[in-house]
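The hints should help you fit chain B onto chain A, whose structure is shown.
Here is how the chains run, residue by residue.
2 protein chains.
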Amino acid sequence: MKKLGKRVALLIAAAAMCACSTTAQTEQNATELTPEQQAAYENIMTRTSIRSWEDKAVEPAKVEMLLRAGMAAPTAVNRQPWHFVVLDKRESIDLLASGRGGGMVRKAPLAIVVCGDMTKALEGDAREFWVQDASAATENILLAANAIGLGAVWTGAYPIGDRVNGIREALGLGEHLVPLCAILIGYPHEHPTPKDKWKPENVTYK
Amino acid sequence: MKKLGKRVALLIAAAAMCACSTTAQTEQNATELTPEQQAAYENIMTRTSIRSWEDKAVEPAKVEMLLRAGMAAPTAVNRQPWHFVVLDKRESIDLLASGRGGGMVRKAPLAIVVCGDMTKALEGDAREFWVQDASAATENILLAANAIGLGAVWTGAYPIGDRVNGIREALGLGEHLVPLCAILIGYPHEHPTPKDKWKPENVTYK
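One line per chain: the protein sequences are A and B, in this order.
Okay, so the first sequence: first residue is -13 according to our numbering, each after it adds one.
Okay, so the second sequence: first residue is -13 according to our numbering, each after it adds one.
It is possible that some hints are incorrect.
Subject to a maximum C-alpha distance of 27 Å in a straight line, what follows is the list of computed DSS-like cross-link-like pairs (lysine-lysine) [said to hold, decoys possible]: (1) A/K42 to A/K93; (2) B/K42 to A/K192; (3) B/K93 to A/K192; (4) B/K106 to A/K181; (5) B/K93 to B/K42; (6) A/K185 to B/K106.
Quick caveat, the hints were computed from the structure, so don't treat them as lab data.
With the rest of the complex left out, here is chain A (with noise of 0.2 Å):
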């Protein structure tokens, strides 16, 4: 995880100072985090997109930390109807590169492919929950990877038929798993300061 970032800092900072100036002491201690809590928020803040990794394997404790970590989304009904499959090793990659295409891709240590298991979904307008409830997993994967020292990229496939069809062939998974994308992981190569997305404008108070 990387430091507090300036805007995170400022950020704490003008919550308590809000809170502080229009308000008892309730509520002061109410905008007050803890130091565990500027962690765990500073850690969706800082996450980003990392597409250069140092040449180094990624130890299995921790590819099981981002799998739980994963397992650990919420989904539809509890319905859980994921599946991941892991590469971590050079030939793994390469296959992975000849159905998903990139360079990149061939440099990554790590990829785990998020799928929608079919055999598990919900039925009717339903059954499509599953790309939401594997989006969930592939976000938490992305947060895990940061809060313990790795870095990580999400790259689309579904709903691109061509990109769906190839990761599956080259990856031999049968019919009923569809990959929603692949997380490309390693020890991060470079540390770019995080995008600032934050516009007001896509807000509405009702």
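Only chain B this time, still in chain A's reference frame:
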């Protein structure tokens, strides 16, 4: 954020032991986490759906922290195709409840309706990437809520037509906004143990 769960503590201990028993000091260090890293990881593992809240408003500064967390999510081609409708008044929450139904909605102190903004979405097959982008934003908001002492639940709308139309009409949203979900948020009145959803059979190594 809840205190270190027993499961997470065991996992971190297991990771450290694994490194100790199999490899040199360098790998042991790699799987040892700082307190800040642990806090960030635990926040992901301790998030769980909260459906009962104290009768207490969420401070505006905290609402802004949630929205900033949402907009910190990654989006395909950085399109940020989203809009956030904040319902922080009793009558607005009641409006949402009329469109989405359920006593749970009516009891929520705060709701954020996460929408796709079709004027910003990609075109062609890639248009549906907005669902993944908005889902990542939703998960960020759930995790930020857990981080700063709030509790939240994701109630799905899209792609269920009745729910999408019900929310859109109740809140008077433009046709270009597609409500993905309504996140109900407040200070938790319940403290359930997070579900253990870890299933090794959901993983394939290649």
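Outcome of the hint check:
Pair hint A/K42 plus A/K93 holds up; C-alpha atoms about 11 Å apart against a cutoff of 27 Å. Between B/K42 and A/K192, the direct Cα distance comes to roughly 18 Å. Compliance with the 27 Å bound is thereby established for this hinted pair. Simply put, B/K93 and A/K192 have alpha-carbon atoms about 17 Å apart, close enough for the 27 Å limit, and the pair holds. A threshold of 27 Å between alpha carbons decides the hint, and for B/K106 with A/K181 the separation of about 18 Å falls inside it, so the pair holds.
Our distance criterion of 27 Å between C-alpha atoms is met by B/K93 and B/K42, whose separation comes to about 11 Å. Under the criterion of a C-alpha separation no larger than 27 Å, the hint pairing A/K185 with B/K106 is consistent with the structure, at around 14 Å.
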